[in-house]
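A.B. asks: With chain A fixed as given, assemble chain B onto it according to the hints.
2 protein chains.
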Amino acid sequence: MVVALPENEAQILAILAVCRQFQVPIVPRGAGTGLSGGATPIAGGLVLSTARLNKIIRLDAYARYAVVQPGVRNLAVSDAAAQYGLFYAPDPSSQLACTIGGNVAENSGGVHCLKYGLTHPNVLGVRLITMEGEILELGGTAPDAPGLDLLSLVIGSEGLLGILTEVTLKLLPMAQTAQVIVASFERIEDAGRAVENIIAHGIIPAGLEMMDQTSVRMVEPFARAGYDTEAAAILLCESDGNANEVIDEVARVSQILTQAGARHLRISYSEEERQKLWSGRKNAFPAAGRISPDYYCVDGTIPRKHLAKMLTAIEAMSVRYGLACANVFHAGDGNLHPLILFDANQANAFDTAEKMGAEILALCVELGGTITGEHGVGIEKLNSMCVQFSAEELSVFEGVKCAFDPARLLNPEKAIPTLHRCAEYGRMHVTRGKSRFPELPRF
Amino acid sequence: MVVALPENEAQILAILAVCRQFQVPIVPRGAGTGLSGGATPIAGGLVLSTARLNKIIRLDAYARYAVVQPGVRNLAVSDAAAQYGLFYAPDPSSQLACTIGGNVAENSGGVHCLKYGLTHPNVLGVRLITMEGEILELGGTAPDAPGLDLLSLVIGSEGLLGILTEVTLKLLPMAQTAQVIVASFERIEDAGRAVENIIAHGIIPAGLEMMDQTSVRMVEPFARAGYDTEAAAILLCESDGNANEVIDEVARVSQILTQAGARHLRISYSEEERQKLWSGRKNAFPAAGRISPDYYCVDGTIPRKHLAKMLTAIEAMSVRYGLACANVFHAGDGNLHPLILFDANQANAFDTAEKMGAEILALCVELGGTITGEHGVGIEKLNSMCVQFSAEELSVFEGVKCAFDPARLLNPEKAIPTLHRCAEYGRMHVTRGKSRFPELPRF
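Chains A and B supply the protein sequences, listed in that same order. Following this note's numbering, the numbering of the first sequence begins with 6 at its first residue and continues without gaps. Following this note's numbering, the numbering of the second sequence begins with 6 at its first residue and continues without gaps.
Okay, chain A solo, but in the shape it has when bound:
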């Protein structure tokens, strides 16, 4: 119905008051780069854009934090911090455009989140306004806060609990140096085992990504990163830190990769080469456009040990559904991004792609994982929420939401499905007594 672009808190308070008075739902929106539909406008609603809330309010290089408005772009924070040898760690692929407010709403991740954490551990505090017009300041620069952990609750709350007006971000020292290893494997199982062994040895790489043969062949002619197009799967493993740490870690990782069956290792020996080796992975998604008019990026997470099993299952689904699938993984934490390739001009292709995606997510849950790694629930995963959570758990989500927004005006019909929706979806599981850790003995 209308888009509002406030410039300050007073204007936000006024917008909220009007919407309360006329019971108009509000959809907060950053850059609109989200992948699960969390910022999709609602008919009869108001879109509250953060486009004009784009100032870095303060950057304290000594205490290592920055206070920014929610519309500040992710990369703009690191750009501003670079002169002090600092950076903001969470690096979603969309960081050129996506906003900090959106990152907080989605608890966004990125390649380097394996080592540096998702958005959550990198946010020190927020200031937000609830639908009722209450101003809350959550968190701070102390390591713990008394009372209930509302800061953690707000991070990843997908626009349901309040409108952010300030976010305090942790800044980290830039690593002195970094090297990436690209390893080729003849068998997917070997690549999966290599991932497990790296983590089991207590190594937390700066990044640990896997690409299957389909995705490698999709991107190599475009990016010319030098990937092995005959490999069943490749791993990219980055190490950062001071020179001694990196030398040590690269040696240990190389040994683990070789012992797991890597047929070839390529190690970067300059910053230029490091960027080049990453350029394939970074261009994987856009490269889908070379071979397919459309793709659907699925986002799910599984325990690392099931990586190979999942890839095999997806191959079988490809045959069944008649759709090719290129797989890119944040292997270090088991977050998978199958890119289902389809042509929307073909009758039913869109629905078929969605069905295949839903089956992949259901398998994630079955293997002890979860229906989203980093893209959020939004609209896209509402039905899958019915599969992952019990009626009791959904009720608690709803109760907490209502503690912040009893009128349910903030981003309705996103993220938390109603019990009614779940009943209709027909997949309501009664999970009383069912463990999320499938191999554990029950009481």
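Careful: at least some of the hints might be erroneous.
Note that the list lumps identical chains together, so a pair holds whenever it fits in one copy or between two copies.
As the list claims (entries may be wrong) - Each computed DSS-like pair below joins lysine-lysine, with the alpha-carbon atoms no more than 27 Å apart:
{"id": "1", "residue 1": "Lys120", "residue 2": "Lys287"}
{"id": "2", "residue 1": "Lys314", "residue 2": "Lys287"}
{"id": "3", "residue 1": "Lys281", "residue 2": "Lys310"}
{"id": "4", "residue 1": "Lys175", "residue 2": "Lys60"}
{"id": "5", "residue 1": "Lys120", "residue 2": "Lys175"}
{"id": "6", "residue 1": "Lys175", "residue 2": "Lys314"}
{"id": "7", "residue 1": "Lys360", "residue 2": "Lys314"}
{"id": "8", "residue 1": "Lys175", "residue 2": "Lys360"}
Calculated directly from the structure, the hints in this document are not laboratory data.
C.D. replies: Showing chain B alone in chain A's frame:
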């Protein structure tokens, strides 16, 4: 009124059902080592002890997690993991006795939490039963979960939201080696500056503790750790990791300490010596008994840069209140533990000690810190909650609590003060518009 010691979930469900029926409040209790009164029984209530829920259900050394019942002792987890070269990082001083359930309730810390985090980042998931008898499984082995972050909400919720039945803990590889540096300073300001500089250089030590002259003189004749009793303050800084990392970090830290004005450095060169050098700090609290019949341990947090200012202010308070105070700090994160020494046999001494503690906490908030570092709110800090939070913020806490426990039967009158109490306490601040980051410009 009664103590229940359930052995399994079925018994817990039965206890909850009876208490719901008769509207009997429940106080969950682990080892009772908490320092803020969170497990203090209530007249007419039931104490639900976790003493019989003391099994380690499963330990997966490869995937590096352990699933334990809430009554398992903190140290028992590391003891069980040691054979795999793993340990559970959060190490409260009471770890010999305190339970994991208590640790989760309080988001407990310890000396090594500066590097490894408080309880929060070390808990992967929980299984709990709400007062209404609902079983919730929160978290899991994936790095992020969809929906609202209820796991984070439960950690640190001080027994208000549910009864834990299983906790999944992250296990970390034991460091190959560790060294501690003990540095002596002639001036408190130098010690404070050294702490800031260590952190500002991007070093996160395994532990960074400060003791003032009073606490050093209190413990040295007992522990004979070799501390400099003439120093105004001493710092203990530990480095752990593989041999190269530790050599490197110890060299950098030593340089920083010296440049900040350290008069003397002592570095451990054997595990035996490392333990000996820590024994003073570890015995600081018990050593108070050498010179005082009673002490009151205050727990607050301030931004690191105000350490020296706070110690000076406490010295002045000592004079005003007529009570000596020995100070021990988790300097790395600004968490202070003033030990106010008093004799409860003296008329009004107890009240005077409490008043001095409250003034110290009020100063913490004024300096931009918080009223608890790691001991929780319990009963002790209820009034201070009125100082730190606005009416709106307290209302949101209450709303979230009611989403879990609408009957308010779980641990009532703990952690979250009523607005009525705050009004009576007379310290209600209207914080609308007031920033928790005092130096920041406001809109």
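A.B. asks: The structure should be examined with respect to each hint, and the outcome stated for every one.
C.D. replies: Hints, one by one, checked against the model:
Taking the shortest alpha-carbon separations for Lys120 and Lys287, only the intra-copy value of 18 Å comes in at or below 27 Å, while the best inter-copy value is 31 Å. For the homomeric pair Lys314 and Lys287, the shortest alpha-carbon distance inside one copy (25 Å) is at most 27 Å, but the shortest distance between copies (49 Å) is not. Taking the closest pair of Cα atoms, Lys281 and Lys310 never come within 27 Å of each other, the shortest separation being 29 Å inside a single copy and 42 Å across copies. When the C-alpha separation of Lys175 and Lys60 is checked against a cutoff of 27 Å, the pair qualifies only within one copy, where the shortest distance is 17 Å, while the shortest distance between copies is 38 Å.
Taking CA atoms no more than 27 Å apart as the test, Lys120 paired with Lys175 passes in both settings, with 15 Å inside one copy and 15 Å between copies. Taking CA atoms no more than 27 Å apart as the test, Lys175 paired with Lys314 passes between copies only; the shortest distance there is 24 Å, against 37 Å inside one copy. With identical chains, the CA atoms of Lys360 and Lys314 are at most 27 Å apart within one copy only, with a shortest distance of 20 Å there and 62 Å across copies. Taking CA atoms no more than 27 Å apart as the test, Lys175 paired with Lys360 passes in neither setting, with 40 Å inside one copy and 35 Å between copies.
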